[in-house]
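Visitor: What follows is the residue order along each chain.
There are 2 protein chains.
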Amino acid sequence: MARKRLIVIGGDAAGMSAAAKARREDPELEIVVFERGRYTSYSACGLPYYIAGVVEESGELISRSPEEFRGKYDIDARIRHEVVAIEPVAGRVRVLNRETQKEFGEPYDHLLIATGALPYCPQLTGSDARGIFGLSTMESGLVVRRALDEEKPSRAVIVGGGYIGLEMAEALIRRGLKVSLVQRGPQVMGTLDPDMGAIVSEALRKLGVELFLGESLTGFEVRDGRVRAVATDQRTLPAEMVILGMGVRPRTALAGAAGIPLGVKGAIRVNSRLQTEVEGIWAAGDCAESFHLVSRRPFYVALGTVANKQGMVAGINLAGGYATFPGVVGTAVTKVCQYEVARTGLQEEEIEAIGLRCAAAVITSKTRAGYYPGAGEITVKMLAEKGGGRLLGAQIVGEEGAAKRIDVLATALHTGLSAADIVHLDLSYAPPYSPVWDPVQIAARQVLKGV
Amino acid sequence: MARKRLIVIGGDAAGMSAAAKARREDPELEIVVFERGRYTSYSACGLPYYIAGVVEESGELISRSPEEFRGKYDIDARIRHEVVAIEPVAGRVRVLNRETQKEFGEPYDHLLIATGALPYCPQLTGSDARGIFGLSTMESGLVVRRALDEEKPSRAVIVGGGYIGLEMAEALIRRGLKVSLVQRGPQVMGTLDPDMGAIVSEALRKLGVELFLGESLTGFEVRDGRVRAVATDQRTLPAEMVILGMGVRPRTALAGAAGIPLGVKGAIRVNSRLQTEVEGIWAAGDCAESFHLVSRRPFYVALGTVANKQGMVAGINLAGGYATFPGVVGTAVTKVCQYEVARTGLQEEEIEAIGLRCAAAVITSKTRAGYYPGAGEITVKMLAEKGGGRLLGAQIVGEEGAAKRIDVLATALHTGLSAADIVHLDLSYAPPYSPVWDPVQIAARQVLKGV
Chain A
9 MARKRLIVIG
19 GDAAGMSAAA
29 KARREDPELE
39 IVVFERGRYT
49 SYSACGLPYY
59 IAGVVEESGE
69 LISRSPEEFR
79 GKYDIDARIR
89 HEVVAIEPVA
99 GRVRVLNRET
109 QKEFGEPYDH
119 LLIATGALPY
129 CPQLTGSDAR
139 GIFGLSTMES
149 GLVVRRALDE
159 EKPSRAVIVG
169 GGYIGLEMAE
179 ALIRRGLKVS
189 LVQRGPQVMG
199 TLDPDMGAIV
209 SEALRKLGVE
219 LFLGESLTGF
229 EVRDGRVRAV
239 ATDQRTLPAE
249 MVILGMGVRP
259 RTALAGAAGI
269 PLGVKGAIRV
279 NSRLQTEVEG
289 IWAAGDCAES
299 FHLVSRRPFY
309 VALGTVANKQ
319 GMVAGINLAG
329 GYATFPGVVG
339 TAVTKVCQYE
349 VARTGLQEEE
359 IEAIGLRCAA
369 AVITSKTRAG
379 YYPGAGEITV
389 KMLAEKGGGR
399 LLGAQIVGEE
409 GAAKRIDVLA
419 TALHTGLSAA
429 DIVHLDLSYA
439 PPYSPVWDPV
449 QIAARQVLKG
459 V
Chain B
9 MARKRLIVIG
19 GDAAGMSAAA
29 KARREDPELE
39 IVVFERGRYT
49 SYSACGLPYY
59 IAGVVEESGE
69 LISRSPEEFR
79 GKYDIDARIR
89 HEVVAIEPVA
99 GRVRVLNRET
109 QKEFGEPYDH
119 LLIATGALPY
129 CPQLTGSDAR
139 GIFGLSTMES
149 GLVVRRALDE
159 EKPSRAVIVG
169 GGYIGLEMAE
179 ALIRRGLKVS
189 LVQRGPQVMG
199 TLDPDMGAIV
209 SEALRKLGVE
219 LFLGESLTGF
229 EVRDGRVRAV
239 ATDQRTLPAE
249 MVILGMGVRP
259 RTALAGAAGI
269 PLGVKGAIRV
279 NSRLQTEVEG
289 IWAAGDCAES
299 FHLVSRRPFY
309 VALGTVANKQ
319 GMVAGINLAG
329 GYATFPGVVG
339 TAVTKVCQYE
349 VARTGLQEEE
359 IEAIGLRCAA
369 AVITSKTRAG
379 YYPGAGEITV
389 KMLAEKGGGR
399 LLGAQIVGEE
409 GAAKRIDVLA
419 TALHTGLSAA
429 DIVHLDLSYA
439 PPYSPVWDPV
449 QIAARQVLKG
459 V
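Keeping their order, the protein sequence lines are chains A and B. For what it's worth, the working numbering labels the leading residue of the first sequence as 9, then goes sequentially. For what it's worth, the working numbering labels the leading residue of the second sequence as 9, then goes sequentially.
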């Protein structure tokens with residue numbers, strides 16, 4: 009019997025996790041990965057730190073090279089190969105070798121689409137000018153760092169106050185630039201409720217970031233092919249470098265063109281085994297849908313953790329095993345200098361949108377016992393369902409040591425714990441790590457009063 | 009109708025939490041607290057840091073003074089008052105005023121026993137010599153710090169390698185002493201499995217602590233009323249200061265003498281409302297039993313977190329409300345310089361003792377993304393039940409950033425999550441905080457293979 013053949017489109021987190029897992033589960037499977045860029049298995053999340061110079065060499069971000077996949081895993085990982093069409097009926101993909109510009113067909117028994125996400129890029133005059141950058145692939149990160157090293161810009165404007173926007177704000181401040189940030193919404197971090205976002209806005213100002221909230225990007229001023237300024241609906245901001253951090257969307261044009269059904273935000277619709285609705289075709293990572301365990305609805309999220317987990321699950325299934333990805337609870341964390349920002353579950357607005365009602369509590373406490381040196385401030389917002397008090401969401405903003413606490417609440421969301429349950433969790437305590445009542449438990453006690 | 013009268017014996021965590029909570033719930037209740045020492049509501053857990061000089065003033069450890077309780081809470085908190093007998097039939101306690109040495113009777117409607125724990129002290133010749141210290145009350149901490157400040161000892165021996173032993177090792181190293189530690193067991197931290205304890209032993213050696221493992225204390229050499237050396241079954245160790253950290257036991261002589269039934273390790277038997285088996289008498293904190301949610305048996309633990317929670321629950325009930333304390337999962341954490349040690353659930357030995365069987369996995373990973381500066385080592389041991397894979401216990405030893413992760417697993421224990429569930433938890437990720445697979449999830453993946 010001929011070896012079965014798995015083709016993977018996309019050589020980063022989801023694709024390579026799936027390929028490596030499939031290989032471990034089935035030594036016989038033929039595995040080919042097509043990656044349009046030059047790199048496999050790199051940490052896109054590490055790019056801001058490379059740009060900041062905190063991580064010195066780009067190579068440190070790469071966990072495994074194509075050569076390693078070939079040598080150690082018997083995975084035929086071909087970089088600079090772009091899949092340009094999926095032909096489900098024929099069971100074949102069309103591939104463009106970007107070095108030779110030759111196109112060829114490759115048959116598959118199973119196909120995994122792991123094409124990732126792409127940054128949202130506004131269709132505005134001048135948006136293709138030099139000096140304007142998005143951040144998604146390894147290549148896009150290298151380009152930004154090179155621009156900083158070689159062109160030594162002194163003024164940057166970041167458009168968008170989400171995770172990328174905040175991490176790039178830190179990176180550029182570290183590089184000594186004067187940084188402005190334009191955000192359409194009333195506060196940065198739209199994945200937090202506005203009251204918690206306001207704390208982050210304030211922290212950014214303290215770090216020296218000039219914020220322009222409630223302003224929309226309208227265009228770019230360009231001279232000699234280079235960006236000179238960012239125009240908003242209220243002003244013009246001089247800029248030698250512009251970072252677009254306006255969010256990402258799933259890269260699913262290829263899947264869509266092949267007739268593979270898409271779902272939330274255009275992400276590929278999958279079941280919990282990561283199967284698409286087309287026989288033999290699977291999808292995982294930033295191009296695929298997830299399921300939100302709190303809202304109980306399909307959900308789109310582009311995160312490395314989810315991509316890795318989905319890749320692992322897809323890999324087991326592709327090798328003939330059985331595994332499911334239960335879903336996510338919407339956890340995310342970021343760091344801006346000494347400030348930490350984390351969230352999980354649903355925001356107030358999302359809770360309302362699905363017809364539920366919640367009590368909210370916001371408390372401020374310390375990251376260590378009050379008397380222990382280095383105790384920082386931490387603010388916890390907790391949202392619990394009216395009536396039973398089931399936890400629905402939580403947000404944490406604070407100084408060093410604040411953010412990882414979100415994981416307790418993420419775990420609580422997975423199992424439907426109530427605020428009353430959280431009060432009684434046997435959490436660890438020592439003065440260097442927390443007050444005797446952990447801040448998440450103080451918040452739980454508080455929110456109970458309103459349930 | 010006359011005001012009901014609550015008497016509380018013991019003015020630290022459990023007692024004062026209960027008193028304050030009862031006051032909030034019932035403004036009418038008369039509340040009297042008798043505390044034999046001079047302090048109320050202090051952080052005993054903070055004493056090693058005060059002794060180390062990390063916390064400068066002892067007053068920082070006190071969260072509320074007797075005057076504050078009197079003024080703000082209308083709680084009659086009387087320090088230097090020792091309850092010397094409980095008379096359940098008469099509904100009365102006998103109290104000794106330690107200032108005047110006068111004894112008197114005080115009637116109660118409800119009595120809360122919150123007498124705490126006392127350090128285990130071996131009955132050996134010389135154990136009452138000057139220079140030998142236990143650590144439990146505020147006073148005991150003040151005495152140690154004064155001895156360091158005034159007598160400037162240069163060599164200390166710590167007997168016992170548990171939490172107090174380790175924290176005092178850090179404290180005395182910070183104070184510039186040469187520190188030896190004698191431990192009866194094969195490794196320090198008997199609440200960890202020996203393989204994990206060995207990592208802590210090694211860390212202590214790196215910090216310069218001389219370890220004598222598998223040796224038992226046999227006595228003290230005393231000259232002019234002062235300790236000069238510690239004798240073990242294998243050697244004599246010169247010492248100008250000796251710290252006894254041989255564990256604590258519940259301080260329940262008073263309760264026992266009054267005929268109140270005692271349970272595990274002599275702790276006062278209570279139901280989940282914190283009622284003893286004698287009408288009108290309640291107990292909370294380090295003198296009372298807990299219930300272990302994993303072993304499903306009564307359990308004794310002396311920890312500030314548990315004392316605070318039990319105090320809160322007792323306070324609600326004492327004020328006529330209704331609350332229960334569900335129990336503990338055995339979580340604890342400590343810090344020794346840059347090393348962090350945490351545990352939750354059951355150890356291998358405990359699992360065997362209750363007739364269960366488990367798979368074990370030990371993995372070593374990083375506290376941050378490998379490429380992020382400051383990534384420290386972290387070792388996670390996970391124990392999961394054979395068959396279903398239910399988490400039974402976990403231990404973490406590592407460098408900065410390691411310990412608080414135990415809380416995710418403590419939360420998982422509360423809800424009976426399996427290792428497979430833990431693999432799929434939507435935990436937060438950013439390169440400064442963890443690898444993309446959090447170490448606890450790497451351990452969960454590993455232990456699954458043996459389930």
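The hints are simulated quantities; they were obtained by calculation from the structure and are not laboratory data. All values reported here derive from a predicted model rather than from experimental measurement. From the three backbone atoms N, C-alpha and C, an ideal C-beta is built for every residue, glycine too. Worth double-checking, as some hints may not be accurate.
As the list claims (entries may be wrong) - Mimicking DMTMM-like on lysine to aspartate or glutamate, the simulated pairs with C-alpha atoms at most 20 Å apart in a straight line are:
| id | chain 1 | residue 1 | chain 2 | residue 2 |
| --- | --- | --- | --- | --- |
| 1 | B | Lys-374 | A | Glu-408 |
| 2 | A | Lys-457 | B | Asp-34 |
| 3 | B | Lys-457 | A | Glu-408 |
| 4 | A | Lys-457 | B | Glu-33 |
| 5 | A | Lys-374 | B | Glu-64 |
As the list claims (entries may be wrong) - Ranges between beta-carbon positions, derived for each pair:
| id | chain 1 | residue 1 | chain 2 | residue 2 | range |
| --- | --- | --- | --- | --- | --- |
| 6 | A | Glu-147 | B | Gly-458 | 55 to 61 Å |
| 7 | B | Lys-457 | A | Gln-346 | 52 to 58 Å |
| 8 | B | Gly-396 | A | Gly-329 | 56 to 62 Å |
| 9 | B | Gly-384 | A | Arg-102 | 44 to 50 Å |
| 10 | B | Gly-395 | A | Arg-100 | 43 to 49 Å |
| 11 | A | Glu-285 | B | Gly-396 | 30 to 36 Å |
| 12 | A | Gly-328 | B | Lys-394 | 23 to 29 Å |
| 13 | B | Lys-457 | A | Pro-306 | 49 to 55 Å |
Visitor: Confirm or reject the claim that B:Lys-457 and A:Pro-306 have a C-beta distance inside 49 to 55 Å.
Guide: This hint is violated: roughly 32 Å between Cβ atoms.
Visitor: Does the Cβ pair A:Gly-328, B:Lys-394 satisfy 23 to 29 Å?
Guide: Holds, since A:Gly-328 and B:Lys-394 (Cβ atoms, about 26 Å apart) stay within the stated range.
Visitor: Is the distance from the Cβ of B:Gly-396 to the Cβ of A:Gly-329 consistent with 56 to 62 Å?
Guide: violated, 19 Å
Visitor: 52 to 58 Å was suggested as the range; check whether the CB atoms of B:Lys-457 and A:Gln-346 agree with it.
Guide: violated, 40 Å
Visitor: Measure nothing beyond the straight line between the CA atoms of B:Lys-374 and A:Glu-408; if it is 20 Å or shorter, mark the hint as holding.
Guide: holds, 18 Å
Visitor: Quick check on a hinted range of 30 to 36 Å for A:Glu-285 and B:Gly-396, using CB atoms only.
Guide: The hinted range 30 to 36 Å holds for A:Glu-285 and B:Gly-396, with Cβ atoms some 33 Å apart.
Visitor: Measure nothing beyond the straight line between the CA atoms of A:Lys-457 and B:Asp-34; if it is 20 Å or shorter, mark the hint as holding.
Guide: Satisfied, since the Cα-Cα distance of roughly 16 Å is no more than 20 Å.
Visitor: Please work out if A:Lys-457 and B:Glu-33 have their alpha carbons no farther apart than 20 Å.
Guide: It holds: about 13 Å lies between the C-alpha atoms, which stays within 20 Å.
Visitor: For the pair B:Gly-384 and A:Arg-102, does the Cβ-Cβ distance stay inside 44 to 50 Å?
Guide: holds, 47 Å
Visitor: If you draw a straight line from the CA of B:Lys-457 to the CA of A:Glu-408, is it 20 Å or shorter?
Guide: violated, 36 Å
Visitor: For A:Lys-374 and B:Glu-64, compute the direct alpha-carbon distance and say whether it is at most 20 Å.
Guide: holds, 19 Å
Visitor: I want to verify a distance hint. Is the separation of the beta carbons of A:Glu-147 and B:Gly-458 within 55 to 61 Å?
Guide: This hint is violated: roughly 42 Å between Cβ atoms.
The structure is inconsistent with the numbered hints 3, 6, 7, 8 and 13, although it conforms to all the rest.
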